[in-house]
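Participant: Generate coordinates for the entire structure from the input sequences, incorporating the hints supplied.
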Amino acid sequence: MTDRLGIVTSASLDKGIEVRLDSPVAVEDMVVGRYVTIEGQKRRFFGMITDVSLGVTDPRLTITPPDVADPFIAEVLAGTSAFGTIHVLPMLTIGGDAESLLEGSQPVKTIPGHFRVVNLASEQDMEMVFGKEDKERFWVGNPLDMENKLCLNLEEFVKRSNGIFGKSGTGKTFLTRILLIGMLQKSKAVNLIFDMHNEYGWEGSSEGSTAKVKGLKQWGQSRVAIFTLDIENSKTRKVPTDFTVQIGYDEITPEDISILRSTLNITDLAVEAAYQAHRRFGKSWIRQILELSDEELEEKLKGTNIHEGSLQSLKRGLRIFERLSFVVPQAPEDAVKHILDHLDRGVSVVLEFGRYREISAYMLVANMLSRRIYAQYQDRSEKARANDTALPQPLVITIEEAHKFLNPEVAGKTIFGTIAREMRKYNVSLLVIDQRPSGIDEEVMSQMGTKITCLLDNERDIDSVLAGVSGKSELKSVLARLAPKRQALIFGHAVPMPVAFQPREYGSAQSYKDFVAAAGSATEEQAEKDIEELWG
Amino acid sequence: MVVVGHKDGDRLCHYLPPNPARIHSFVYLCAPGEVQKFSQSLDFLSILVNTRLPVPADELIAAALRRMSRAHEDGRNFLVAAGKELATLLSNQYDTLKSILGRLK
Numbered sequence: 001m002t003d004r005l006g007i008v009t010s011a012s013l014d015k016g017i018e019v020r021l022d023s024p025v026a027v028e029d030m031v032v033g034r035y036v037t038i039e040g041q042k043r044r045f046f047g048m049i050t051d052v053s054l055g056v057t058d059p060r061l062t063i064t065p066p067d068v069a070d071p072f073i074a075e076v077l078a079g080t081s082a083f084g085t086i087h088v089l090p091m092l093t094i095g096g097d098a099e100s101l102l103e104g105s106q107p108v109k110t111i112p113g114h115f116r117v118v119n120l121a122s123e124q125d126m127e128m129v130f131g132k133e134d135k136e137r138f139w140v141g142n143p144l145d146m147e148n149k150l151c152l153n154l155e156e157f158v159k160r161s162n163g164i165f166g167k168s169g170t171g172k173t174f175l176t177r178i179l180l181i182g183m184l185q186k187s188k189a190v191n192l193i194f195d196m197h198n199e200y201g202w203e204g205s206s207e208g209s210t211a212k213v214k215g216l217k218q219w220g221q222s223r224v225a226i227f228t229l230d231i232e233n234s235k236t237r238k239v240p241t242d243f244t245v246q247i248g249y250d251e252i253t254p255e256d257i258s259i260l261r262s263t264l265n266i267t268d269l270a271v272e273a274a275y276q277a278h279r280r281f282g283k284s285w286i287r288q289i290l291e292l293s294d295e296e297l298e299e300k301l302k303g304t305n306i307h308e309g310s311l312q313s314l315k316r317g318l319r320i321f322e323r324l325s326f327v328v329p330q331a332p333e334d335a336v337k338h339i340l341d342h343l344d345r346g347v348s349v350v351l352e353f354g355r356y357r358e359i360s361a362y363m364l365v366a367n368m369l370s371r372r373i374y375a376q377y378q379d380r381s382e383k384a385r386a387n388d389t390a391l392p393q394p395l396v397i398t399i400e401e402a403h404k405f406l407n408p409e410v411a412g413k414t415i416f417g418t419i420a421r422e423m424r425k426y427n428v429s430l431l432v433i434d435q436r437p438s439g440i441d442e443e444v445m446s447q448m449g450t451k452i453t454c455l456l457d458n459e460r461d462i463d464s465v466l467a468g469v470s471g472k473s474e475l476k477s478v479l480a481r482l483a484p485k486r487q488a489l490i491f492g493h494a495v496p497m498p499v500a501f502q503p504r505e506y507g508s509a510q511s512y513k514d515f516v517a518a519a520g521s522a523t524e525e526q527a528e529k530d531i532e533e534l535w536g
Numbered sequence: 537m538v539v540v541g542h543k544d545g546d547r548l549c550h551y552l553p554p555n556p557a558r559i560h561s562f563v564y565l566c567a568p569g570e571v572q573k574f575s576q577s578l579d580f581l582s583i584l585v586n587t588r589l590p591v592p593a594d595e596l597i598a599a600a601l602r603r604m605s606r607a608h609e610d611g612r613n614f615l616v617a618a619g620k621e622l623a624t625l626l627s628n629q630y631d632t633l634k635s636i637l638g639r640l641k
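Those protein sequence lines, which keep their order, are chains A and B. In terms of this note's numbering, the numbers along the first sequence are unbroken and rise by one, the last being 536. In terms of this note's numbering, the numbers along the second sequence are unbroken and rise by one, the last being 641.
Incorrect hints may appear among the rest.
[To be verified] With a straight-line Cα cutoff of 20 Å, these simulated EDC-like cross-link-like pairs (lysine to aspartate or glutamate) come out:
(1) Lys634/B to Asp67/A
(2) Lys15/A to Asp3/A
(3) Lys634/B to Asp379/A
(4) Lys620/B to Asp58/A
(5) Lys641/B to Asp67/A
(6) Lys634/B to Glu133/A
(7) Lys620/B to Glu133/A
Treat the hints as calculated values from the structure; they're not laboratory data.
Facilitator: As structure tokens, then:
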């Protein structure tokens, strides 16, 4: 059955299409955000309703309204003298012939002719545009007010760095968790998650209730390892951990201090002093600065032009490591090696921060570990290219509070700025979670493949998320109208067009069953394929 | 009398014949079946709307439609369809439309 809505009366690629509604169609059924198809002569257009309005053929009708108490008159006038119109933003074209059907939908480059018929999008159309849950595609949610599933091709998704944005309390963490489970189930990528609030590893909390929701480890015991910085805290929370990360003073470089400059509240000169001290003392520089008395230090640093004040400022800043008990003079084991070992085996790593929720600890650890892991990946990828062997497994690094790492001041210095920019060259990409996207360097934002944003109400944040997207003003109004919880807008590389959607449910017994079913079908299909390949 | 259509062989036409009716032809009342068949299409309304008549057109149109509706099983549906056609024809003569519709009840 086709749900005919009306006909095209005027159109412009830039401003959208005006559609006059047929008389039996109720204006109130036309909701902004619904999807429609337009039957053009050669192709079909797929678009979204962005405005609904009322029109009359004769302005006198509005000045002396007819007697609508009479049902006969109301029925005659509805759809003729007084009618509804909708404004449709064309988004995609679906080719009419078999070849273009295979290619799938294409961005819209033309408009339908006059008086072409407009229908509500059918199930098949929606499936064609938003995908169907299968072994590559993962169901993330449903387009608003719709039964259809919005499915992401996660293989494509992880090829680029992506961002999840939204005000605090809008459901970023839930959305991220859903995506991470999806990656675990349906992509070849391994994840390294810097879990500031201990939400992703074993179990997470859900806002407004005491119920706990399952973390990643509970989905794939053998494919997820939980590392912790705070073993005491993990034990209290009864989290089974695989490794306790400790960082030696000798592993920290002046670059790490330089990105912490503003959080440690030290001066530029103090950062400069750190570089000089590093040159003089080598790897033991932090130890020497913290352990030697002022006189001894002065003696040893003679000949450098470190100012007394800068040194004191640096020393004060470095005292933070005495508070962070995971930073020890000498680490018993190499954390990076352990993480890499796990990643190489296809095991994703969640690093819990326990009680160390301060941003300086997070930035220090995330940046330091990522830098060394990235260096390894870079090295391996280059070797693999030179020897024509397989590239290392794709790695997705998840970071929270991203504006602290990726703000214009430090984006150039942190490894995350490099990863976001150099993208996929070395098979490492980022999943950035943040609540202040305006704080993130423009250049980094522009390199993100797919952006998912929950409600944002700060003008600058909205602008920075939507920068460079076509149809920005329409999307802006969609974004501003999202519900404060469990609604999001996705656009970019992984979806054919921007879609406002409701993330799938997570936390109830039924929702867990759905995840298991999805994973089950994927492995079953894989098994079938393997059998087929084996026996020809 | 206003001519609103003619029959060409078996075909009913809702527009004027090429020649006027011959003088001294006999005039008959249409049977209800013929009325019903003729009013399947509402194209004849444009002739009524656009003809200069010695009587008020709105009265005539309303009376004609009321009478035609009796030949239909669902008279109201016919009137609604006719009303919609009129609304299109009289899209810039709201007052005429309003008075005809008022007389159709």
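Participant: Indicate, hint by hint, whether the structure satisfies it.
Facilitator: Hints, verified against the model:
1. Simply put, Lys634/B and Asp67/A have alpha-carbon atoms about 9 Å apart, close enough for the 20 Å limit, and the pair holds.
2. The hinted pair formed by Lys15/A and Asp3/A fails the criterion: a straight-line CA distance of about 25 Å is larger than 20 Å.
3. Between the alpha carbons of Lys634/B and Asp379/A the distance comes to roughly 83 Å, so the proposed pair goes past 20 Å and is violated.
4. The straight-line distance between the Cα atoms of Lys620/B and Asp58/A is roughly 15 Å, inside the 20 Å bound, and the hint therefore holds.
5. A threshold of 20 Å between alpha carbons decides the hint, and for Lys641/B with Asp67/A the separation of about 13 Å falls inside it, so the pair holds.
6. Of the pairs offered as hints, the one joining Lys634/B and Glu133/A is violated, with about 55 Å between alpha carbons and a cut-off of 20 Å exceeded.
7. Restraint check for Lys620/B and Glu133/A: the C-alpha separation of about 47 Å exceeds 20 Å, so the hint is violated.
The structure is inconsistent with the numbered hints 2, 3, 6 and 7, although it conforms to all the rest.
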